[in-house]
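Keeping the supplied structure of chain A fixed, place chain B with the ligands upon it in accordance with the hints.
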Amino acid sequence: MSRVPYRQETMRLEVREVSKRFGGLQAISRLTLAFEAGTIHAVIGPNGAGKSTLFNLLTGIYRPDSGSIWLHDQRLDGRPPHQVAAMGLGRTFQNIRLFDAMTVLENCLVACHHHLRSTYLDAVLRTGRFRRMERQAMQIADQALVIMGLGVRRGAIAGALSYGERRRLEIARALALQPRFLLLDEPAAGMNPQETQQLQETIASLRAELHLGIVLIEHDMHLVMGLSDKVSVLEYGTRIAEGTPEAVRNDPRVIEAYLGQEA
Amino acid sequence: MWKKSRTLGGGMIPLLAAAIAGSFWLLLDPGSTLAFLVWLAAVLLTLAWEGRPRLRWALGAVLLLVVLPMAGMANSFLLELTVQIGIYAAMALGLNVVVGLAGLLDLGYAAFFAVGAYTWAIFGSAQAAAFLGGTFPLPGGYFYLFLFIAVITTALVGVLIGLPALRLRGDYLAIVTLAMGEVVRVLANNLDHPINITNGPQGITPIARPPIGWFSDLLGSVGLVLPAYIWYPLFFYLLVLLLIGLITLVNVRLSDSPLGRAWVAIREDEVAARAMGIPLLRTKLMAFATGAAFSGTMGVVFAAKQLFVSPESFTLVQSILILTMVILGGMGSIRGAIVGAALVTVLNLQVLKSLSEYLNVLRQSGAVLDLGFWRYDLSALPTQLEPAKYERLVFGVILVAMMIWRPEGLLPSRRASLELHQGE
Ligand SMILES: Nc1ncnc2c1ncn2[C@@H]1O[C@H](COP(=O)(O)OP(=O)(O)OP(=O)(O)O)[C@@H](O)[C@H]1O
Ligand SMILES: [Mg+2]
Numbered sequence: 001m002s003r004v005p006y007r008q009e010t011m012r013l014e015v016r017e018v019s020k021r022f023g024g025l026q027a028i029s030r031l032t033l034a035f036e037a038g039t040i041h042a043v044i045g046p047n048g049a050g051k052s053t054l055f056n057l058l059t060g061i062y063r064p065d066s067g068s069i070w071l072h073d074q075r076l077d078g079r080p081p082h083q084v085a086a087m088g089l090g091r092t093f094q095n096i097r098l099f100d101a102m103t104v105l106e107n108c109l110v111a112c113h114h115h116l117r118s119t120y121l122d123a124v125l126r127t128g129r130f131r132r133m134e135r136q137a138m139q140i141a142d143q144a145l146v147i148m149g150l151g152v153r154r155g156a157i158a159g160a161l162s163y164g165e166r167r168r169l170e171i172a173r174a175l176a177l178q179p180r181f182l183l184l185d186e187p188a189a190g191m192n193p194q195e196t197q198q199l200q201e202t203i204a205s206l207r208a209e210l211h212l213g214i215v216l217i218e219h220d221m222h223l224v225m226g227l228s229d230k231v232s233v234l235e236y237g238t239r240i241a242e243g244t245p246e247a248v249r250n251d252p253r254v255i256e257a258y259l260g261q262e263a
Numbered sequence: 001m002w003k004k005s006r007t008l009g010g011g012m013i014p015l016l017a018a019a020i021a022g023s024f025w026l027l028l029d030p031g032s033t034l035a036f037l038v039w040l041a042a043v044l045l046t047l048a049w050e051g052r053p054r055l056r057w058a059l060g061a062v063l064l065l066v067v068l069p070m071a072g073m074a075n076s077f078l079l080e081l082t083v084q085i086g087i088y089a090a091m092a093l094g095l096n097v098v099v100g101l102a103g104l105l106d107l108g109y110a111a112f113f114a115v116g117a118y119t120w121a122i123f124g125s126a127q128a129a130a131f132l133g134g135t136f137p138l139p140g141g142y143f144y145l146f147l148f149i150a151v152i153t154t155a156l157v158g159v160l161i162g163l164p165a166l167r168l169r170g171d172y173l174a175i176v177t178l179a180m181g182e183v184v185r186v187l188a189n190n191l192d193h194p195i196n197i198t199n200g201p202q203g204i205t206p207i208a209r210p211p212i213g214w215f216s217d218l219l220g221s222v223g224l225v226l227p228a229y230i231w232y233p234l235f236f237y238l239l240v241l242l243l244i245g246l247i248t249l250v251n252v253r254l255s256d257s258p259l260g261r262a263w264v265a266i267r268e269d270e271v272a273a274r275a276m277g278i279p280l281l282r283t284k285l286m287a288f289a290t291g292a293a294f295s296g297t298m299g300v301v302f303a304a305k306q307l308f309v310s311p312e313s314f315t316l317v318q319s320i321l322i323l324t325m326v327i328l329g330g331m332g333s334i335r336g337a338i339v340g341a342a343l344v345t346v347l348n349l350q351v352l353k354s355l356s357e358y359l360n361v362l363r364q365s366g367a368v369l370d371l372g373f374w375r376y377d378l379s380a381l382p383t384q385l386e387p388a389k390y391e392r393l394v395f396g397v398i399l400v401a402m403m404i405w406r407p408e409g410l411l412p413s414r415r416a417s418l419e420l421h422q423g424e
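Chains A and B, in that order, give the protein sequences.
Numbering of the first sequence is given in this note's numbering, commencing with residue 1 and proceeding in unit increments.
Numbering of the second sequence is given in this note's numbering, commencing with residue 1 and proceeding in unit increments.
One chain only, chain A, in its complex shape (with noise of 0.2 Å):
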C-alpha cells in the first residue's frame, strides 16, 4: 500500500469495464472512465445514472462485480474503503456525513492520522514522538480548514455549522486526507448564490496550488461549465458522452438525456 510519488504529473486514476448490480438494477454497467491529477473532471448526468455509485466503487465502499479500478499502477478494487483513502482518495458525501459531535478541527485531525504513525503505547506515556505526530496533525488539519475558510470555526462542534459551512467542512476534512484525487459529491448542493461562487474559486484554487486531480459530480451547470477540464456524462450507468464542457453542452446525446428527464 505504499503510496505513490506526490507530483506525478502523468497520475491517473482509472475505471475500467466496471459494473455494479443491485438486485434488478444495473447501477453501472461497463463503464470505462479517467480522470488525470491537475485537472477538474466533472460527472454528470440525471438523477439515478450512478454517478455517486461510482463514487462508492472507487473509494472501496461498494466492490464491482466485475472491471477494475486503477490509480497509477495499483489496484483498487477489492480493497477496503481505508486502504483507499491512505493511498490517495479523499471525497464528500452528497448527504453530508460529519462527525457531528466532534469539532470542526477534530474532524479534519480524524483524517490525518493514516499517514501518521503513533501507536497505542505512544499515545498512553505522551512520548516525543507523540507529541511531534500530534503537532504535524495540528498542522495539516488547520491548512486544510484554512483553505476552505473554516479557520475561525475550528473550535465549533460540527454540529452546529451552518449548511454551508458544513460542505466546506466535508472538503476540508477529505483534504486532511492529503489526498492525490478529491473526489465531490455535489459539493454546491443547497449552497446560496454567494456561496457557490466562493467554492467555485476554492475549487479552482486547489487544482492550481495542490495539483490535485478534481472529480466533481454536480447538478449546477454553471458551476461545472465554469470550472470543469472536462465533462464525463453517464446514464444508465454507461458514459454517453465525454469532452470539453462545451462539446458536451452540444452534444445531441446529452441534451436528450436531460430533456428526456425533464419530460
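Everything labelled a hint here was simulated from the structure, so no lab data went into it.
Values in this document were obtained by computation on a predicted structure and should not be read as measured data.
Incorrect hints may have been included.
[Said to hold, decoys possible] Short, incomplete list of chain A residues facing chain B, as computed with Cβ under 7 Å: (1) A85; (2) R91; (3) F99; (4) D100; (5) A101; (6) M102; (7) H114; (8) R117; (9) V124.
[Unchecked claim] If you want the footprint, here are the derived chain A segments under chain B, 3+ residues with CB under 8 Å: (10) 76–82; (11) 92–98.
All C-beta atoms in this analysis are idealised placements derived from N, C-alpha and C, irrespective of residue type, glycine included.
Only chain B with the ligands this time, still in chain A's reference frame:
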C-alpha cells in the same frame, strides 16, 4: 468570563461545606450511613467541580487519603464499601471506552471481569493443581504479576470475542455480546468436568491474598502503627485508588489521541470514518481490548479481596449494572463514569438496604401514623415492600428517567454537552 468565575465561586462554598461537614461527621460517627453519604457527596462534588485545580486535588487527597482511612479504622466496612465502589468505577471507566467513546453496545462486559477474577482464582488457589498437577496455590506474591497477566489475557479474550461480534452492528452486536457474556458464565459453571478447571458452581476458595508485610512495614516506618485487622482493607483500598488513578490516566490520554478520536468518529458515522482512513475492525477491537483489560485487572483484585469467586458474581445483571453507571454518569465522560459508579453502587449496597432495614424497624415498632383524617398502622406495612429486592426495578427507572430528562448524563462529556446544548 465574569459569569464563569462567578459560578465557580458559587460552587466552592457548598463543596467546602459538604467536605467539612461530611469529614467531621464521618470521623465522629463512622457507623452512620448518612455521614458516609455526605462524605461521598463531597468526593463526587470535588470530582465534578471545574475550578481551582490545586484546591481540588488537595481536597480530594484529604477526603480520600486521610478522612476515609481514619474513619475506616473504626468501621472497616467503610473501606470495604469504597473498595467495591472503586472496583465498579474502574469497570465503568473500561465500559465507557467501549460504549461511551466507540459507541459499541456491549452487554456482556462482566465476562471480562470474570476472566480476570478466574485467572487469579485458579492459580492463586489449589484449583490449578486439579488439572495441571504440581504445587498450587502460587505464592501470594504472584498476585502483583497477575495484575499484569490479567491485562494481557483479558485483552486477548476481548479480541477473541470481538473478532466475530464486531462484524455486526448496533442491536446485533448487543445481542451477540450478551450471548458471549452468558457463554463465559456458563463455561465457568460447567468447566468442572471432564477436566476440573473452574470447580463449577461451587466456585473457588480460598484464594491467596498478596503478602503485605512490606505494606505494614511501610506504614510503621512513617509512624503509623495500625492494628493488623485493618491492614488488608486499607491495602485494598489504596490499591484500588492507585488502579483507578492509572486507569483514569490511560483513559484521558487515549481519548485525546488519534485512537480516541477514531473511536468517536466510528461512533458518529462508520462510513465516513472508513472513508477518512480509519480501519474499522482494528479500531473497534482496540476499544474492546482496552475495556476488557481494565475490567480484567479489577477481576484479579476482586478475587483476592473476596477470597472466593463463583459464576454467580458475573451475571447479565452485573453487566447491566455497569452499563447503568456509564449512562447515569454520561456516555463518554470519564468523571461521569466514576460518579455513576459511586451512585449506583451506594444505592445498591447501602441505600436500598438501609431503606429495607428502616421499613423493618417501622414495621416492628407497632407505631401508628396518625394524620387526623387518616390513620395507618405501620405494622400493617406489607412484608413484600422490601427496597433491597427492587434493585432491577430501581435501575430500570433510573435508565428510563435519564433517557427522558438528561440523556447526556449527570456529568456529560465535553462533546456531548456541546452537541446537545448548542442552541442555549
Ligand atoms: N445501496 C444501494 N442499493 C440499492 N440500490 C442502490 C444503492 N445505491 C444506489 N442504488 C440505485 O442505483 C442507482 C444509481 O444511484 P446513484 O446514487 O449512483 O445515482 P446518482 O447518479 O448519484 O443520482 P443523484 O443525482 O440523484 O444523486 C439508483 O437507481 C439508486 O436507487
Ligand atoms: Mg448521487
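Tested hints:
{"no.": "1", "hint": "A85", "verdict": "4 Å, holds"}
{"no.": "2", "hint": "R91", "verdict": "6 Å, holds"}
{"no.": "3", "hint": "F99", "verdict": "4 Å, holds"}
{"no.": "4", "hint": "D100", "verdict": "6 Å, holds"}
{"no.": "5", "hint": "A101", "verdict": "5 Å, holds"}
{"no.": "6", "hint": "M102", "verdict": "6 Å, holds"}
{"no.": "7", "hint": "H114", "verdict": "3 Å, holds"}
{"no.": "8", "hint": "R117", "verdict": "10 Å, violated"}
{"no.": "9", "hint": "V124", "verdict": "5 Å, holds"}
{"no.": "10", "hint": "76–82", "verdict": "holds (count 3)"}
{"no.": "11", "hint": "92–98", "verdict": "holds (count 3)"}
Violated hints amount to a single one, hint 8; each of the other numbered hints is respected by the structure.
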